[in-house]
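Protein chains: 2
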Amino acid sequence: MKTKAVFYHAGCPVCVAAEQQVAGALDRSKFDVEIVHLGKAKARLSEAEKAGVKSVPALVMNGQAFHINHGADLSALK
Amino acid sequence: MKTKAVFYHAGCPVCVAAEQQVAGALDRSKFDVEIVHLGKAKARLSEAEKAGVKSVPALVMNGQAFHINHGADLSALK
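Protein chains in written order, with this note's numbering: chain P, 1 to 78; chain S, 1 to 78.
Each hint should be verified, as a subset may be incorrect.
Repeated chains share a single entry, so a pair holds when one copy, or any two copies, can fit it.
Unchecked claim - Below, a list of computed lysine to aspartate or glutamate pairs in the EDC-like style, where the Cα atoms sit at most 20 Å apart:
(1) Lys4 with Glu47
(2) Lys2 with Glu34
(3) Lys30 with Asp73
(4) Lys4 with Glu19
(5) Lys2 with Asp27
(6) Lys4 with Asp27
It should be emphasised that the hints constitute simulated quantities derived from the structure, not laboratory data.
Just chain P, same shape as in the assembly (with noise of 0.2 Å):
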């Protein structure tokens, strides 16, 4: 069975390197990745938050928030 790893981003710059390098060069054979765009999926905020994930991009896991640099504070996408 994959992993499930959902990547949250904004669009913003750091974000499409970020997703563009790191969730691209995940292994898809052991991987699912999603990949979320905050700003149009505002459902799926709280849903971040609970994961852990405080600034996008980051990436979830295995339960474990990841955040790849600096793009902006989940707080900013309210």
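Got chain P sorted already, so can you dock chain S onto it with the hints?
Showing chain S alone in chain P's frame:
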């Protein structure tokens, strides 16, 4: 040809989590992943700095530095 990816860390708990989860999730059919412990390999601090690494853990791919959460500033390792 595989792309080179270098994961810099300093053995900190934040680093270990990022190494296991993020560096461990990279597609090894596309990336040659090198793990560098900057606390032990101080000679490579300048290389990391040149790549734009400000703190560990960080992943450098295609000339870009991606800081993953925050374990320690590079300056603390000198």
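Hint check, failures only: 3
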